[in-house]
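**Q** First to last, the sequence lines map onto chains A and B.
Mapped onto the numbering used here, the consecutive letters of the first sequence carry residue numbers 117 to 480.
Mapped onto the numbering used here, the consecutive letters of the second sequence carry residue numbers 117 to 480.
Source of the hints: derived by calculation from the structure; they are not laboratory data.
Certain hints may be false.
Stated by the list, open to error - Cβ-Cβ distance ranges computed for the label pairs, FRET-style:
#, chain 1, residue 1, chain 2, residue 2, range
1, A, Thr269, B, Gly411, 27 to 33 angstroms
2, A, Ser132, B, Leu480, 47 to 53 angstroms
3, B, Ser309, A, Asp422, 51 to 57 angstroms
Stated by the list, open to error - One-sided excerpt, in silico: chain A residues whose CB lies under 8 angstroms from chain B:
#, residue
4, Glu180
5, Leu183
6, Ile198
7, Gly366
8, Ile367
9, Asp370
10, Val419
11, Val436
12, Gly440
13, Arg460
14, Ile464
15, Ile467
16, Gly475
17, Phe479
Virtual Cβ for every residue (Gly too), placed ideally from N, Cα, C.
So you can see what is in the structure, the chains are spelled out below.
2 protein chains.
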Amino acid sequence: MDNNVIECAVVMAGGSGTRFWPMSRVCKPKQFLPVTGGESLLVQTCNRLNPLLGDDRMVAILGEGHLPEAKACLADRPIRLIGEPVGRNTAPCIALGALYARSRGVQGAIAFLPADHHTGDQKAFLDALCTAAHKSLSGGIVTLGIVPDRPDTGYGYIRRESSAASDPVDGVFRVAEFVEKPDLDHARRYVASGEYYWNAGVFVATAESILREVERHLPALHRNLSRLEGAFGGEDFARRLEEVYESIEGISFDYGVMEKPGVEGYVVPCRCDWSDVGSWASLYALRSASQDADGNHIDADAVLIDCRGSFVQAAGKKIVACLGLEDILVVDTPDALLVARLDRSQDIRRIVDAIKSKGKDAFL
Amino acid sequence: MDNNVIECAVVMAGGSGTRFWPMSRVCKPKQFLPVTGGESLLVQTCNRLNPLLGDDRMVAILGEGHLPEAKACLADRPIRLIGEPVGRNTAPCIALGALYARSRGVQGAIAFLPADHHTGDQKAFLDALCTAAHKSLSGGIVTLGIVPDRPDTGYGYIRRESSAASDPVDGVFRVAEFVEKPDLDHARRYVASGEYYWNAGVFVATAESILREVERHLPALHRNLSRLEGAFGGEDFARRLEEVYESIEGISFDYGVMEKPGVEGYVVPCRCDWSDVGSWASLYALRSASQDADGNHIDADAVLIDCRGSFVQAAGKKIVACLGLEDILVVDTPDALLVARLDRSQDIRRIVDAIKSKGKDAFL
Numbered sequence: 117m118d119n120n121v122i123e124c125a126v127v128m129a130g131g132s133g134t135r136f137w138p139m140s141r142v143c144k145p146k147q148f149l150p151v152t153g154g155e156s157l158l159v160q161t162c163n164r165l166n167p168l169l170g171d172d173r174m175v176a177i178l179g180e181g182h183l184p185e186a187k188a189c190l191a192d193r194p195i196r197l198i199g200e201p202v203g204r205n206t207a208p209c210i211a212l213g214a215l216y217a218r219s220r221g222v223q224g225a226i227a228f229l230p231a232d233h234h235t236g237d238q239k240a241f242l243d244a245l246c247t248a249a250h251k252s253l254s255g256g257i258v259t260l261g262i263v264p265d266r267p268d269t270g271y272g273y274i275r276r277e278s279s280a281a282s283d284p285v286d287g288v289f290r291v292a293e294f295v296e297k298p299d300l301d302h303a304r305r306y307v308a309s310g311e312y313y314w315n316a317g318v319f320v321a322t323a324e325s326i327l328r329e330v331e332r333h334l335p336a337l338h339r340n341l342s343r344l345e346g347a348f349g350g351e352d353f354a355r356r357l358e359e360v361y362e363s364i365e366g367i368s369f370d371y372g373v374m375e376k377p378g379v380e381g382y383v384v385p386c387r388c389d390w391s392d393v394g395s396w397a398s399l400y401a402l403r404s405a406s407q408d409a410d411g412n413h414i415d416a417d418a419v420l421i422d423c424r425g426s427f428v429q430a431a432g433k434k435i436v437a438c439l440g441l442e443d444i445l446v447v448d449t450p451d452a453l454l455v456a457r458l459d460r461s462q463d464i465r466r467i468v469d470a471i472k473s474k475g476k477d478a479f480l
Numbered sequence: 117m118d119n120n121v122i123e124c125a126v127v128m129a130g131g132s133g134t135r136f137w138p139m140s141r142v143c144k145p146k147q148f149l150p151v152t153g154g155e156s157l158l159v160q161t162c163n164r165l166n167p168l169l170g171d172d173r174m175v176a177i178l179g180e181g182h183l184p185e186a187k188a189c190l191a192d193r194p195i196r197l198i199g200e201p202v203g204r205n206t207a208p209c210i211a212l213g214a215l216y217a218r219s220r221g222v223q224g225a226i227a228f229l230p231a232d233h234h235t236g237d238q239k240a241f242l243d244a245l246c247t248a249a250h251k252s253l254s255g256g257i258v259t260l261g262i263v264p265d266r267p268d269t270g271y272g273y274i275r276r277e278s279s280a281a282s283d284p285v286d287g288v289f290r291v292a293e294f295v296e297k298p299d300l301d302h303a304r305r306y307v308a309s310g311e312y313y314w315n316a317g318v319f320v321a322t323a324e325s326i327l328r329e330v331e332r333h334l335p336a337l338h339r340n341l342s343r344l345e346g347a348f349g350g351e352d353f354a355r356r357l358e359e360v361y362e363s364i365e366g367i368s369f370d371y372g373v374m375e376k377p378g379v380e381g382y383v384v385p386c387r388c389d390w391s392d393v394g395s396w397a398s399l400y401a402l403r404s405a406s407q408d409a410d411g412n413h414i415d416a417d418a419v420l421i422d423c424r425g426s427f428v429q430a431a432g433k434k435i436v437a438c439l440g441l442e443d444i445l446v447v448d449t450p451d452a453l454l455v456a457r458l459d460r461s462q463d464i465r466r467i468v469d470a471i472k473s474k475g476k477d478a479f480l
């Protein structure tokens, strides 16, 4: 493994994390929680990169309201933190990270990674990242493409150009298109074709490549962010960032840049036991190793009778008793309790919205 | 309504109440809780009788460990309380009540009633009780028979003799037999026949009738209890009762007396919107008036999305969120949480047993 090929890592930790309510809250989204056990997802993400680069070459970009949580997670590690005054999706975040890296003199490959994903096979992940980094040095923006093992409808897909046309070198393909979350029928065809990968939201590129494409496809964003030139590390950086963020629009890097015609995009296929940990259901799937014989995942002082495929989590000294449940999610916290069908866990946002509209923000 | 026909009421409040765990606990069974809303079931039972007789003519028999709960419920009401040192089922309780009443000079009708049932139509119930009381004065033991409106398999049934043979006078039938809880097929036939009633566990008889039948069919019980003659109200009553209860066996009045050959049993049919409130499912059925349009009963600060036929109860300031549930019971208390299929609520005893066998008696 080449531990010099990536010069800087931008860890994107701006998620608001309503999908793990009531475990995650507005003030503590999932990246700051040990959702998968052990360390928080943010810490896991940074640790995962350490074989390739040290903490002093990482920057985490997150909501400024979450700076205390991030500091608590990362303790005294010399990871630079940049607080966004408001979330504007990934395009501003990636462009900001590129600008920051350039201001620090970074000319080589930068990896941009979400802070809240799970990776089971670290070596496979880092190998793919190195391949992407090498490729990025000759131009273009390289993504990781997770080789799908099932027709998941919860992920976006990346289609590569077919090998004949693409002439892949060392496991790198040209991107043909980015595809939004498909229905099951399309997902099945994607997986069967062998030409589609899950979009993990990981990008590797030089600052120059990123900023050139942003300038081309999101000129207003580029213009606004350029006002920060020379401001990084300055005393009034936060104020100036706030002014900039007030004027820019939220847009994803996929939609705003990668899907535009003429963008030189590449994909490096990767089998690394990856999950975006996007819902209670995906966390349940991740925890399959710790399920009981009836497929129940229990993280509580609990008594289960005649239950199957259920997920029970409770904090503290409480006892949880379950009887006759199938595929039910139970999450108990001191001030909020969630009981849901596990296969409806992608709709937990509706719960959060309903609580908000009742004016009960204290529970969010 | 004849408000002199019943001379004494014996309210049987000895239930241990595991069926409403975790709302009810060993130290606070359901009769001491406002299970149906408003007052506790014990207080409702006493209040229901007040049009016929005053508090000073009532005695409540209960586990001596529950005397503080009963006193708290009944405040300063002059209802006599007798604490049983240990539960021995209904035959000893009824015989003890009859002995007590006789010691107080009661020669007329005594009503024996469970403390933990619900009655929607008080007038119909009291009318039936008066009819039973009148009948009891000419001998025999008279039960109330609840006219069934569905083939419930959770209740025991009473079959009356067919009218031709029975020659009913004023709505009183001779009892042909007591039947244990049937399967659905039998229950359907019982209801269709018009000759079966639900056994509500209510008996009306003179002390003499009760004690004569107990002497005949449960002579050991009669002999032991007779040692209490003259002890009621005495200083060493509790000690003497404890000695007696150590020597007697637990047996129900139905099984030990009413089902024996030669017992002169009568039944008064009654339509009074009755329930034994025997499980969360029966409580859910009782609360049909307060259900939302999707048949959910909500007694909590709750947000329900796409839920049907569910029962949600929570104490305190907690928020409960439910998503996609059907026929699910959620009961949250500060130290214990139950999530169960509502139609499995008769099996909650298994939960309680499992908690006990884990040695976690503090939660019982």
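**Q** Next, verify each hint and record whether it holds.
**A** For each hint, the structure was consulted:
At about 31 angstroms, the CB distance of Thr269 of chain A to Gly411 of chain B agrees with the hint of 27 to 33 angstroms. The hinted window of 47 to 53 angstroms between Ser132 of chain A and Leu480 of chain B is violated, with their beta carbons roughly 41 angstroms apart. A beta carbon spacing of about 35 angstroms between Ser309 of chain B and Asp422 of chain A contradicts the range 51 to 57 angstroms that was offered as a hint. Here the hint on Glu180 of chain A is broken, as its CB sits about 28 angstroms from the closest CB of chain B, past 8 angstroms.
With a least beta-carbon distance of about 28 angstroms to chain B, the hint placing Leu183 of chain A at the interface is violated under the 8 angstroms criterion. The beta carbon of Ile198 of chain A is not positioned within 8 angstroms of any beta carbon in chain B (closest approach about 34 angstroms), and the interface hint is therefore violated. Given hint, Gly366 of chain A at the interface with chain B, is violated; its Cβ is 27 angstroms from that chain's nearest Cβ, farther than 8 angstroms. Hint status for Ile367 of chain A relative to chain B: violated, with the closest Cβ pair at about 30 angstroms, above 8 angstroms.
Because the smallest distance between the Cβ of Asp370 of chain A and any Cβ of chain B comes to about 29 angstroms, over 8 angstroms, the interface hint for this residue is violated. Contact between Val419 of chain A and chain B, as hinted, is supported at the beta carbon level, the nearest pair being about 5 angstroms apart and thus within 8 angstroms. Below 8 angstroms, beta-carbon pairs count as interface contacts, and Val436 of chain A has one with chain B at about 5 angstroms; its hint therefore holds. Interface restraint check for Gly440 of chain A: the shortest CB-CB distance to chain B comes to about 4 angstroms, inside 8 angstroms, so the restraint holds.
Among the interface hints, the one on Arg460 of chain A holds; its C-beta lies about 4 angstroms from the nearest C-beta in chain B, closer than the 8 angstroms criterion. Checking Ile464 of chain A against chain B by beta carbon gives a least distance of about 7 angstroms; that is within 8 angstroms, so the hint holds. A distance limit of 8 angstroms between C-beta atoms decides the matter here; for Ile467 of chain A the minimum to chain B is near 4 angstroms, and the interface restraint holds. For Gly475 of chain A, the suggested interface contact is broken, since its CB lies about 12 angstroms from the closest CB of chain B, more than 8 angstroms.
Annotation: Phe479 of chain A was flagged as interfacial toward chain B, and the flag holds, the nearest CB pair being 5 angstroms apart, inside 8 angstroms.
The earlier numbered hints that this structure contradicts are 2, 3, 4, 5, 6, 7, 8, 9 and 16.
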